[in-house]
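Dock chain B against the given chain A, drawing on the hints supplied.
Number of protein chains: 2
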Amino acid sequence: MSELKEIKNVSEDIFKGKILHLQLDMVELPNGHLAHREVIRHIGAVCVIPVTDDGKVIMERQYRYPIDEVIWEIPAGKLDRPDEDPLEAAKRELREETGYSADDWQELGTFYPAAAYCDEKIHMYLARGLRSGESHPDDDEFLEVSLVPLKELAEKVMAGEIPDAKTQVAVLKAAKLLM
Amino acid sequence: MSELKEIKNVSEDIFKGKILHLQLDMVELPNGHLAHREVIRHIGAVCVIPVTDDGKVIMERQYRYPIDEVIWEIPAGKLDRPDEDPLEAAKRELREETGYSADDWQELGTFYPAAAYCDEKIHMYLARGLRSGESHPDDDEFLEVSLVPLKELAEKVMAGEIPDAKTQVAVLKAAKLLM
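Order-wise, the sequence lines are chains A and B. Quick note on the numbering used here: the first sequence kicks off at 363 and runs consecutively. Quick note on the numbering used here: the second sequence kicks off at 363 and runs consecutively.
Next up, chain A with everything else stripped away, as it sits in the complex (with noise of 0.2 Å):
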């Protein structure tokens, strides 16, 4: 790694805000030369596919700010902490945003949404063994619960009618492992 590494030279904070940091930071390039890099720190993020047993996905239906539009996603939410167990994470924003709980959990590994500009980790998880319940959404936070076939959703993530990053991964990666 060492040929490829780049080394911090100055790091100026631009941001502290709820969500993200931002910082300037100036790096040294394994050529010797010197580089701004603008860095977007995030506390890291956890995802669930939860699967129903006659296979159906709990979906969430959400207006994302940023882009102006309601798009369809699976559950999702930040850490509480940056030490928080993910998996915790993951039975809380399953359990706020849809009401349901899950016997069964699956790590489907981590990934990085924006690693060229940001730190965000994402954790996800399959959860099957589903038990319905009541929803507990955050204060500011507005969403519509459906369930999808996995198999519907597959063929839309084929399809390019799923614009979400995670839950593109988390579908083929379901119906890769389920059907």
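Derived by calculation from the structure, the hints in this document are not laboratory data. Please note that the accuracy of each hint is not assured.
For lysine to aspartate or glutamate, the following DMTMM-like pairs were computed, each having C-alpha atoms within a straight-line distance of at most 20 Å [said to hold, decoys possible]:
hint	chain 1	residue 1	chain 2	residue 2
1	A	Lys378	B	Asp375
2	A	Lys513	A	Asp416
3	A	Lys518	A	Asp416
4	A	Lys453	A	Glu506
5	A	Lys380	B	Glu469
6	B	Lys380	A	Asp387
7	B	Lys378	A	Glu374
8	A	Lys367	B	Glu503
9	B	Lys367	A	Glu368
10	A	Lys418	A	Glu469
11	B	Lys367	A	Asp500
12	B	Lys418	B	Glu503
13	B	Lys535	B	Glu514
14	B	Lys367	A	Glu506
15	A	Lys380	A	Asp501
16	A	Lys370	B	Asp501
17	A	Lys483	B	Glu431
18	A	Lys440	B	Asp375
19	B	Lys535	A	Glu517
20	B	Lys380	A	Asp500
21	B	Lys440	B	Asp416
22	A	Lys370	B	Glu469
23	B	Lys440	B	Glu517
24	A	Lys535	B	Glu523
25	A	Lys367	B	Glu450
26	A	Lys535	B	Asp500
27	B	Lys483	A	Asp430
28	B	Lys483	A	Glu374
29	B	Lys535	A	Glu506
30	B	Lys367	A	Asp502
31	A	Lys378	B	Glu374
32	A	Lys483	B	Asp481
Partial list, derived from the structure: chain A residues whose beta carbon lies under 10 Å from chain B [claimed, not checked]:
hint	residue
33	Glu435
34	Ala476
35	Ala478
36	Lys528
37	Leu539
Think of the CB as a built atom: it goes at the ideal place given N, C-alpha and C, for glycine as much as any other residue.
Just chain B now, with coordinates in the frame of chain A:
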């Protein structure tokens, strides 16, 4: 969408960088309450999964400063202008980063890597009919190019060994189409 939509009230520019533009907006929620939204504006990007006639993917190993890791990724890059044809950008990035050009281009759809806080949209392509040439990476871009069998990559994605989101999506889509 009206019962989920948030209405912009005030927008403040926090930072305008070379890659990221950070805004702090105040929005009106569907229930009439006000809330802050931290929003990253990004010009948009492309990524390409280039597959050779014998089923190998042209992959890159690249250091990503925000996560302090060297990771495997498919070729990708930002648009030069907001209105640039994404296919032209994809052809340019493939040629500059790997030296390859391709006779056969197929759209694999688009995705938002982080729609909760960033408007970046990535256009994804499958490139075949590859011809090798000389690479011309950007001045501040250091990467190593390798060929990896698509089958092996799909297994690595399923095993959680490829941490880059766009690479996970592209590999799973290409594997479903070609294998």
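Hints and how they fare:
Pair hint Lys378 (chain A) plus Asp375 (chain B) holds up; C-alpha atoms about 14 Å apart against a cutoff of 20 Å. Distance restraint check for Lys513 (chain A) and Asp416 (chain A): the Cα-Cα separation of roughly 11 Å lies within the 20 Å cut-off, and the hinted pair is therefore satisfied. Taking the CA atoms of Lys518 (chain A) and Asp416 (chain A), the gap is near 19 Å; set against the 20 Å cutoff, the hint holds. Between Lys453 (chain A) and Glu506 (chain A) the alpha-carbon distance is near 19 Å, which keeps this suggested pair within the 20 Å criterion.
As the CA atoms of Lys380 (chain A) and Glu469 (chain B) are separated by approximately 37 Å, the hinted pair breaks the 20 Å bound. Taken as a hint, the Lys380 (chain B) and Asp387 (chain A) pair is honoured in the structure, with Cα atoms around 13 Å apart against an allowance of 20 Å. Straight-line distance between C-alpha atoms of Lys378 (chain B) and Glu374 (chain A) comes to about 15 Å, which keeps the hinted pair within the 20 Å bound. Distance check on the hinted pair: Lys367 (chain A) and Glu503 (chain B) sit about 11 Å apart at the alpha-carbon level, within 20 Å; holds.
Using a Cα cut-off of 20 Å, the hinted pair Lys367 (chain B) and Glu368 (chain A) is violated, with the two alpha carbons roughly 41 Å apart. With a C-alpha separation of about 19 Å, the suggested pair Lys418 (chain A) and Glu469 (chain A) falls inside the 20 Å cut-off, and the hint holds. At most 20 Å may separate the alpha-carbon atoms for a hinted pair to count; Lys367 (chain B) and Asp500 (chain A) meet this at roughly 16 Å. Of the pairs offered as hints, the one joining Lys418 (chain B) and Glu503 (chain B) is violated, with about 23 Å between alpha carbons and a cut-off of 20 Å exceeded.
A distance of roughly 14 Å separates the Cα atoms of Lys535 (chain B) and Glu514 (chain B); the hinted pair therefore holds under the 20 Å criterion. Between Lys367 (chain B) and Glu506 (chain A) the alpha-carbon distance is near 12 Å, which keeps this suggested pair within the 20 Å criterion. As the CA atoms of Lys380 (chain A) and Asp501 (chain A) are separated by approximately 15 Å, the hinted pair is consistent with the 20 Å bound. Between the alpha carbons of Lys370 (chain A) and Asp501 (chain B) the distance comes to roughly 18 Å, so the proposed pair stays at or under 20 Å and holds.
At roughly 13 Å between alpha-carbon atoms, Lys483 (chain A) and Glu431 (chain B) fall within 20 Å of each other, so this suggested pair holds. The hinted pair formed by Lys440 (chain A) and Asp375 (chain B) fails the criterion: a straight-line CA distance of about 24 Å is larger than 20 Å. The straight-line distance between the Cα atoms of Lys535 (chain B) and Glu517 (chain A) is roughly 11 Å, inside the 20 Å bound, and the hint therefore holds. Pair hint Lys380 (chain B) plus Asp500 (chain A) does not hold up; C-alpha atoms about 34 Å apart against a cutoff of 20 Å.
At roughly 29 Å between alpha-carbon atoms, Lys440 (chain B) and Asp416 (chain B) are farther apart than 20 Å, so this suggested pair is violated. Between Lys370 (chain A) and Glu469 (chain B) the alpha-carbon distance is near 38 Å, which puts this suggested pair outside the 20 Å criterion. Distance hint between Lys440 (chain B) and Glu517 (chain B) is unfulfilled; the C-alpha atoms sit about 28 Å from each other, more than 20 Å. A distance of roughly 13 Å separates the Cα atoms of Lys535 (chain A) and Glu523 (chain B); the hinted pair therefore holds under the 20 Å criterion.
The straight-line distance between the Cα atoms of Lys367 (chain A) and Glu450 (chain B) is roughly 30 Å, outside the 20 Å bound, and the hint therefore fails. Between Lys535 (chain A) and Asp500 (chain B) the alpha-carbon distance is near 34 Å, which puts this suggested pair outside the 20 Å criterion. In summary, the hint linking Lys483 (chain B) to Asp430 (chain A) is supported, as the alpha carbons are separated by about 13 Å, within the 20 Å threshold. Using a Cα cut-off of 20 Å, the hinted pair Lys483 (chain B) and Glu374 (chain A) is violated, with the two alpha carbons roughly 27 Å apart.
Of the supplied pair hints, the one linking Lys535 (chain B) and Glu506 (chain A) is violated, its CA atoms being roughly 28 Å apart against a limit of 20 Å. Proximity of Lys367 (chain B) to Asp502 (chain A) is assessed by CA-CA distance (about 12 Å); at most 20 Å being required, the pair is judged to hold. For a cut-off of 20 Å, the pair hint linking Lys378 (chain A) to Glu374 (chain B) stands: about 15 Å separates their Cα positions. Between Lys483 (chain A) and Asp481 (chain B), the direct Cα distance comes to roughly 18 Å. Compliance with the 20 Å bound is thereby established for this hinted pair.
Against a cut-off of 10 Å between C-beta atoms, the interface hint on Glu435 (chain A) holds, since the closest Cβ of chain B lies about 8 Å away. Look at Ala476 (chain A): its Cβ gets to within about 5 Å of chain B, closer than 10 Å, so that hint holds up. Because the beta carbon of Ala478 (chain A) sits about 6 Å from the nearest beta carbon in chain B, less than 10 Å, this interface hint is met. A least Cβ separation of about 7 Å between Lys528 (chain A) and chain B falls short of the 10 Å threshold, and the interface hint therefore holds.
For Leu539 (chain A), the suggested interface contact is upheld, since its CB lies about 8 Å from the closest CB of chain B, less than 10 Å.
Checked against the numbered hints above, the structure violates hints 5, 9, 12, 18, 20, 21, 22, 23, 25, 26, 28 and 29; every other hint is satisfied.
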